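Undergrad: Since the structure of chain V is already known, use the hints to place chain B on it.
Protein chains: 2
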Amino acid sequence: MTRYQHLANLLAERIEQGLYRHGEKLPSVRSLSQEHGVSISTVQQAYQVLESLQLITPQPRSGYFVAPQKAQPPVPPMSRPVQRPVEITQWEQVLNMLEGHHDQSVIPLSSGIPDVSQPSLKPLWRELSRVAQHNLSAILGYDELAGSLALRQQIARLMLDGGSVVNADDLVITSGSQSGMSLALLAVCQPGDIVAVESPAYYGTMQLLRGLGIKVIEIPTDPDTGISIEALELALEQWPIKGVILVPNCNNPLGFIMPDARKRAVLALAQRHDIVIFEDDVYGELATEYPRPRTIHSWDIDGRVILCSSFTKSVAPGLRVGWVAPGRYHDKLLHMKYAVIGTNVPATQLAATAFVREGHYHRHVRRMRQIYQRNREMYTCWAREYFPCGICVTRPKGGFMLWVELPEQVDMVCVAKQLCRLKIQVAPGSLFSASGKYRNCVRINCALPPNEKHRDVMQKLGEALKVAMEEVATPGVLSDS
Amino acid sequence: MTRYQHLANLLAERIEQGLYRHGEKLPSVRSLSQEHGVSISTVQQAYQVLESLQLITPQPRSGYFVAPQKAQPPVPPMSRPVQRPVEITQWEQVLNMLEGHHDQSVIPLSSGIPDVSQPSLKPLWRELSRVAQHNLSAILGYDELAGSLALRQQIARLMLDGGSVVNADDLVITSGSQSGMSLALLAVCQPGDIVAVESPAYYGTMQLLRGLGIKVIEIPTDPDTGISIEALELALEQWPIKGVILVPNCNNPLGFIMPDARKRAVLALAQRHDIVIFEDDVYGELATEYPRPRTIHSWDIDGRVILCSSFTKSVAPGLRVGWVAPGRYHDKLLHMKYAVIGTNVPATQLAATAFVREGHYHRHVRRMRQIYQRNREMYTCWAREYFPCGICVTRPKGGFMLWVELPEQVDMVCVAKQLCRLKIQVAPGSLFSASGKYRNCVRINCALPPNEKHRDVMQKLGEALKVAMEEVATPGVLSDS
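Chains as they are written, first to last, in the UniProt record's numbering: chain V, 1 to 481; chain B, 1 to 481.
Next up, chain V with everything else stripped away, as it sits in the complex:
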């Protein structure tokens, strides 16, 4: 990080913490230069960054002032999906999107890729290089079926942060959260079974359910407090539901953290109806609050919560290291791992183990929590600035996703196609529903560093949205063009 970026971050933090209030005058360039032992031009650059982020405003001949707090756009209301089991489609759209991620010229605003450019990841690839040179027999041979014991021990320690007390033998390493969730579903469900999901729900999970021939019932979900327990209860009374997939911490795509009371309530409901909770904690470590929020798994007493998580979002996707705490389904899930997937890559497991053991993991996650918080604020600010009026935006409690709801008439699937020509990829909300809801919504990946390039992308997205709204308002223009 350059000096001016460092200084800009520091000042932005102070503004957030309220040390400099809205409308208040900021220190002069000269005094900051003295305070931090940096050049005048460094301070000027830092102030320019903050200005471009609209955190401060210059006033001619008076210096810089903290910008007045703008009204936050409202949060989207509780979702209202179709209340019956449906089959999942949308694979073509997901596939197109995935293919775009590997075109270097495309900006993947649609993706779930975390920021892997931070220097706090350096020890990770140093470890990978080291194991490649010094652990030959381990990296060339077969891994243990449950995964590296040393890694499972480290993960058991990490899970204490979320309140879960497990030991290494209770864990099964997988090649990411997706494969963990797929093993969990394979261990519990048969094709034709019904599983409940939050609505909207991550499209990867939806496609997994489709792949396994499982039907979903989408449950109304509040962008602030999570799945409606009342609606889930109604569904459980009406349909033979096998389990419910929840992302209670830093939900994807909505960003909420379920309050503890609601986590316990949903667990009690699961116990009453004897269903399984598939808990996806993949973003849980990226919660802004500290200590991190508890998992539903931490209150589980009869092994009905299957917790799936990974280092994919918190460290790096390329590790392909995830884990499952399968509770009472341990043996069944281990068999499924052997049968369907086999063992994992030892090299990345060894590197991840060292990364956690030596304390690099906690340092990195601490840093990413702050970075993603800043990013989300910046992207929210841009959405407010560039997007049309009448939008709703989530206020995520962690992770790096924003969910934007546009006026009913905007069709994000069409907008996404137009943006493809500009080499911008967005994830239309319809991917997050099996019943074709959320065509007027879009999920935005805020892990992309909030620089000029990405500000420009957000501006273009905003323009496309405005055009879409005008076209709908005057459909004649559309058919002429």
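These aren't lab readings, by the way, just hints derived from the structure by calculation.
All figures in this text were calculated on a predicted structure; none of them were measured in a lab.
Where is the CB? At the ideal position from N, CA and C, for every residue including glycine.
It cannot be assumed that every hint is accurate.
Not the full set, but computed from the structure, chain B residues with beta-carbon under 10 Å of chain V [unchecked claim]:
#: 1; residue: VAL49
#: 2; residue: SER117
#: 3; residue: SER129
#: 4; residue: ALA138
#: 5; residue: SER182
#: 6; residue: GLY322
#: 7; residue: MET336
#: 8; residue: VAL340
Only pairs whose alpha carbons sit at most 25 Å apart, straight line, appear in this in silico BS3-like list of lysine-lysine [said to hold, decoys possible]:
#: 9; chain 1: V; residue 1: LYS215; chain 2: B; residue 2: LYS332
#: 10; chain 1: B; residue 1: LYS215; chain 2: B; residue 2: LYS332
#: 11; chain 1: V; residue 1: LYS423; chain 2: V; residue 2: LYS453
#: 12; chain 1: B; residue 1: LYS437; chain 2: B; residue 2: LYS242
#: 13; chain 1: B; residue 1: LYS332; chain 2: B; residue 2: LYS242
#: 14; chain 1: V; residue 1: LYS332; chain 2: B; residue 2: LYS215
#: 15; chain 1: B; residue 1: LYS437; chain 2: B; residue 2: LYS417
#: 16; chain 1: V; residue 1: LYS466; chain 2: V; residue 2: LYS423
#: 17; chain 1: V; residue 1: LYS215; chain 2: B; residue 2: LYS215
TA: Using the frame of chain V, we list chain B on its own:
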């Protein structure tokens, strides 16, 4: 490799090639020492190795002679499994066996682990270390869904050796053959479907079918020429079979290579009955014959052969790099990969790509073909020497597995339990059947270097077998003990 080992290998090769005939006198120690420019003691050590391998015999005051050729034990007859679909069990035994593989004190005669101690693998981990240092964005991010393009290009080139003409877009990278086969089955079958297999069949495949709720019908298979096409045809006429899983090249566990005419016949049969052939080629590159045998896939004209392979046996299990050529099921299989498994580890794919591209792969495989041939001969020689009379032993055309059939009354499941106490693990034949056949058979991994330690293990196995036979012959002794 030390000098005397090198010399011993050279002489063993000459004996095999018939340059020195059985019963013929070998050159004197002195003349060999001069010919090869090595010390007298080096030649003496080399001769001692060959003597211990029973390739040569010393005659007092006359020197060394090539040992007379011993009668080969007969090959087992065609298998005769139950001719109806059955469900698969045996998971407990497989799990116990897998757990033993990670106890360093246990000799895994049961495993499918290749020899990864050869120096020709050195460039592989050098590449892995290099990519960890120089390809950060690639190794930390998400891989392409179909797998690294550069790797797929290299694999398309390799597949030409087996007669298959594909391009990179026709291939999907998986994390090994097992996950490739599982995706193939998920793409084609539903739970309750019936799939035909060779009998005996690899226990990993059997457990995969069990995991997916697929029933198997075991087809009689000849240890020399492979699956009985007549029996398969009868089964196809009688049952609604979806496909057949075949390991036509260097079969596991029987070691045969199906003659080309039979490969084409089974493909024609599949076409007539409109079924899928799942072809497992994981040992195909380790065939002794050169050029390597053709795949059934190479004759496929309508995309009904799904070829699965990997670097697991030919290079190293720890890479977790396999591939599928899914033919007409490409799109379905790619969806299944996204849904059930997700993307693969980029680092090991990059290392494997460089390993193939720079020619290290072909060098390594050439070397391993010879080593495994030597090993199989040595293990066969030990089986003849130490095992009871009346055994049948396969004569594998490649790979590193021996299949030994003992007299009907020997129960290898019991013998395996007894051997556990001696820290020796063997794979009883019953694991290779869904209907409880082959309890009197055992599969032996000849990839374990044929040294004194492993000779000793084979000797102990032989003793246990002899005891088992005597116990059956005189059951009173057993009940008294």
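Undergrad: Compare the structure with each hint and give your call.
TA: Going down the list of hints, with the structure as the test:
The interface hint given for VAL49 (chain B) is broken, as the beta carbon of that residue sits about 25 Å from the closest beta carbon of chain V, more than 10 Å. Interface hint status for SER117 (chain B): upheld, as the beta-carbon distance to the closest one in chain V is roughly 8 Å, under 10 Å. Because the closest C-beta pair between SER129 (chain B) and chain V is about 4 Å apart, less than 10 Å, the hint holds. At its closest, the beta carbon of ALA138 (chain B) sits 7 Å from a beta carbon of chain V; the interface hint therefore holds under the 10 Å criterion.
Evaluation of the SER182 (chain B) hint against chain V yields a held restraint, the C-beta minimum of about 4 Å falling below 10 Å. Contact between GLY322 (chain B) and chain V, as hinted, is supported at the beta carbon level, the nearest pair being about 9 Å apart and thus within 10 Å. Because the smallest distance between the Cβ of MET336 (chain B) and any Cβ of chain V comes to about 5 Å, under 10 Å, the interface hint for this residue holds. Because the closest C-beta pair between VAL340 (chain B) and chain V is about 4 Å apart, less than 10 Å, the hint holds.
Of the pairs offered as hints, the one joining LYS215 (chain V) and LYS332 (chain B) holds, with about 18 Å between alpha carbons and a cut-off of 25 Å not exceeded. The hinted pair formed by LYS215 (chain B) and LYS332 (chain B) meets the criterion: a straight-line CA distance of about 22 Å does not exceed 25 Å. Using a Cα cut-off of 25 Å, the hinted pair LYS423 (chain V) and LYS453 (chain V) holds, with the two alpha carbons roughly 12 Å apart. As the CA atoms of LYS437 (chain B) and LYS242 (chain B) are separated by approximately 23 Å, the hinted pair is consistent with the 25 Å bound.
For the hint pairing LYS332 (chain B) with LYS242 (chain B), the CA-to-CA distance comes to about 16 Å; that is within 25 Å, so the pair holds. Restraint check: the Cα-Cα separation between LYS332 (chain V) and LYS215 (chain B) comes to about 18 Å, which is no more than 25 Å; the hinted pair holds. Between LYS437 (chain B) and LYS417 (chain B), the direct Cα distance comes to roughly 18 Å. Compliance with the 25 Å bound is thereby established for this hinted pair. Our distance criterion of 25 Å between C-alpha atoms is met by LYS466 (chain V) and LYS423 (chain V), whose separation comes to about 18 Å.
Restraint check for LYS215 (chain V) and LYS215 (chain B): the C-alpha separation of about 24 Å stays at or below 25 Å, so the hint holds.
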